[in-house]
Amino acid sequence: MEAALRSVPLRRRGGVLPGYGLALGFTVLYLGLLVLLPLGALVLKASTLSWEGFVAAVTGPRALAAYRLSFGASLVGALVNALFGPVVAWVLARYDFPGKALLDALVDLPFALPTSVAGIALTAVYSQNGWLGQHLAKWGLQVAFAPAGVALALTFVGLPFVVRSVQPVLQDLDPHLEEAAAVLGAGRLRTVAWVVLPALFPALLTGFALSFARALGEYGSVVFISGNMPLRTEIVPLLIVTRLEQYDEAGATAIGVVMLGASFLLLLVINALQARALRGRKR
16 MEAALRSVPL RRRGGVLPGY GLALGFTVLY LGLLVLLPLG ALVLKASTLS
66 WEGFVAAVTG PRALAAYRLS FGASLVGALV NALFGPVVAW VLARYDFPGK
116 ALLDALVDLP FALPTSVAGI ALTAVYSQNG WLGQHLAKWG LQVAFAPAGV
166 ALALTFVGLP FVVRSVQPVL QDLDPHLEEA AAVLGAGRLR TVAWVVLPAL
216 FPALLTGFAL SFARALGEYG SVVFISGNMP LRTEIVPLLI VTRLEQYDEA
266 GATAIGVVML GASFLLLLVI NALQARALRG RKR
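The sequence shown maps to residues 16 to 298 in this note's numbering.
Take the hints with a grain of salt, since some may be wrong.
What the hints assert, rightly or not - Label pairs and their computed distance ranges (CB to CB):
| id | residue 1 | residue 2 | range |
| --- | --- | --- | --- |
| 1 | A56 | P190 | 48 to 54 Å |
| 2 | F99 | Y262 | 41 to 47 Å |
| 3 | L204 | G36 | 52 to 58 Å |
| 4 | Y35 | D111 | 40 to 46 Å |
Keep in mind the hints are simulated off the structure, nothing from the lab. Computed from a predicted model, the values in this text were never measured in an experiment. The C-beta atom is built at its ideal place from N, Cα and C for all residues, glycine as well.
Produce the complete structure using the sequences and hints provided.
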């Protein structure tokens with residue numbers, strides 16, 4: 016009995032705890048009901064369209080404009096967070112200062128704050144009569160009811176994903192590595208480039224992917240600040256809701272299938288890059 020148990024890989028046995036079959040069955044059932052079944056229903060509903068009808072639904076001028084805005088603004092927001100999010104994580108992980116706990120809690124505010132409230136707040140601040148918008152308007156800069164406002168809202172909702180992905184890695188990164196690089200003559204920029212960034216890269220990719228994916232599906236915070244003008248400031252989730260309100264369920268699910276495929280492809284690419292980065296670190 017003991018010899019037979021040893022012949023089974025530890026990963027197959029589920030570690031030292033029993034219940035591998037029950038746990039696996041529960042996992043498959045849970046994910047099937049929660050994830051696979053709704054997504055399968057989405058694809059099945061879209062399949063009621065003919066191929067010509069599907070292409071017409073997902074490649075119309077209004078749909079293409081919504082794709083450009085959603086993907087473009089999501090990419091901008093994720094890149095901004097990937098640039099400044101590690102700076103926030105660095106401050107929280109490496110320094111002690113008055114109000115640190117409050118600042119740390121503010122990072123998670125987009126998680127807890129209803130997205131519609133965030134949209135209203137951003138609109139109040141950046142509209143032409145808002146606190147900041149009225150000053151930007153003097154310079155001819157419009158944020159609210161413009162693509163810039165969409166990118167701003169998506170940056171807001173995506174920031175915690177980057178910070179919380181990078182912060183634990185920075186906390187576990189041994190400061191002696193940076194000190195050793197400094198002793199060997201490396202400057203600050205070179206230390207960051209050759210010591211800190213390689214350790215952060217997989218986590219930064221994860222935060223970027225989560226931020227981008229979260230932005231693609233965002234609705235509440237964008238619907239107020241964007242103005243929802245077709246062909247200009249209309250995002251894909253809003254277009255899907257509009258199609259549903261027009262009782263075009265097949266057209267709405269067709270656009271949903273496109274977004275589903277794009278998000279899945281994005282996650283595959285990011286996971287491949289993460290695996291490659293981890294293999295490079297182990298060499």
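We went through each hint and held it up to the structure:
1. Hint check: A56 to P190, Cβ distance near 51 Å, so the stated range 48 to 54 Å holds.
2. With their beta carbons about 43 Å apart, F99 and Y262 fall inside the hinted range of 41 to 47 Å.
3. The beta-carbon spacing between L204 and G36, approximately 53 Å, falls within the hinted interval of 52 to 58 Å.
4. Look at Y35 against D111: about 44 Å separates their beta carbons, and that is inside 40 to 46 Å.
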